[in-house]
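Protein chains in written order, with the working numbering: chain A, 1 to 300; chain B, 1001 to 1222.
Hints should not be assumed to be uniformly reliable.
[Said to hold, decoys possible] Think about it this way: if two alpha-carbon atoms lie no more than 30 Å apart in a straight line, the pair counts; the simulated BS3-like pairs of lysine-lysine are: (1) B:K1067 - A:K42; (2) B:K1031 - A:K42; (3) B:K1067 - B:K1212; (4) B:K1212 - A:K108; (5) B:K1219 - A:K186; (6) B:K1067 - A:K51; (7) B:K1219 - A:K44; (8) B:K1154 - A:K108; (9) B:K1212 - A:K42; (10) B:K1212 - B:K1154; (11) B:K1067 - A:K44; (12) A:K51 - B:K1154.
Quick caveat, the hints were computed from the structure, so don't treat them as lab data.
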Amino acid sequence: MGFSALEEMGRRAKEQEKPLWQVVWEEDCAFSQMEPAASLEKMKAMYRAMKEADASYQEELVSASGLVGGDGGRMARYVESGACLCGPFVGRMMERALKMAENNACMKRIVAAPTAGSCGVLPAVLLTCQEMLPAEEERILEALYVAAGVGEVIASRSSISGARGGCQAEIGASSAMAAAAVVTLKGGSPEAVFHGAAMALKNLLGLVCDPVAGLVEVPCVKRNVVGAVNALSAADMALAGIRSAIPPDQVIDAMRDVGDRMSVELRETGKGGLADTPAGRAVREQLEKQSRGGSQEDVG
Amino acid sequence: MGVFDIIGPVMVGPSSSHTAGAVRIGYIARKLLGEPVRRAQIDLHGSFLATGRGHGTDRALVAGLLKMQPDDTRIPISLYLAEQAGMEVVFGQVDLRDANPNTARLRLEGESGARLEVVGSSIGGGRIRIGQVDGMEAHFSGESPTLIIRNQDKPGCVTEVALLLSEFHLNIATMQLYRDRPGGLAVMVLECDEEIPLGAREWLSQMDGIEKVTYLGLKEGR
């Protein structure tokens, strides 16, 4: 069932003198009774689905509420113009994060990683790495296993559900996974991988899930951007030799603690934070009016 | 939780818990019913109730009842497709004690008049847990081939079921037993490593004291 501690994953890799990705791959195959080659094929299919979703972006699409759409195209033109302060690498990454998250809001097909609301972070980081580093696809697949292993530990010790742990459990988790993937791609040690993940998670601790009108649109789409950028900065810190003062597994436990203390209004119920601003409430009321008008359902 | 619960599933947005998980709940309920749905009363609880409509939870549950998978691009138009298929859908709300925030109760009536009540929760990342079947406790994920056996609560039933499965060389991964009262109606939920062949299921349903065998396979009906 995967590892329940990063420390355990690292110990296994050290004992068996294997890279982290292989330890995660083998553990998963043993538990899920999947042929190792079939597992690799499936991971390849997941990455292919991410690429297809990235390429499927349509700038003209608007989400059901009208709140989301077109920002991926705006960012693409801005990056193309050369004006992007963050430079072409981070610019392209932000563009991709927006596009994928907008795809999701518009009910297009995406790859949850770990959730649909956070589906833009990992592909934005990895597709951009493949293009700009560049990185071979095989290495990307290995990085995906490491990301998944980190995600499993987060799910096991804490949560990857916004309704349970707030946005930190979704964008925070995806950002930690993406940081682990980047450190892996850049050849960082297992210790650097875990600390990169821990720093990414730490820097998003406390992030609440406060979607306007309860939709995975505002602020979710743009939070995919911060998840990607945060992952890259955490990875760079880890690769520079910077370490999290709090051990990585304890950071994950802290995320759980914060989630447990978070009021239910700030956990995906659409009742607090941005959702409860005058503008947020107005959107909700407008949508409720619309759905009452043209509904074929009987919502009691 | 495996690697592909974290990277994946490939799904139609916008929410893994409110959309993909809801499709799964509907899909599993439909498979447990074993026939096309004629009428569905869908009651939403907690966050499903508070934000479900915005996430398309209503359309997702109905898509599942129409046997769609979470990556089916027709999910957004499922209410229309249900109407076309002659399925009557009524939405309501319910407050279930101690239930996960993302929970739905589905009361289904099938084409032949078969009835089924299922309570399912979406637990994140598109994964789900069925918590009740026909008012009886039952905890399973639908990720493994699952047998749900309703039987009279009397000595020997469990042994006979286990014995039969072993004769078919089937390995039981988890087994749960519930009953409403001693000597009353009981439910066995068995999650297995392999698909349960039809022959074994037919044998089971003919055994003394067994009232109903419901099977949830992985491959069937896809």
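Which of the stated hints cannot be reconciled with the structure, identified by number in ascending sequence? 4, 5, 8, 9 and 12
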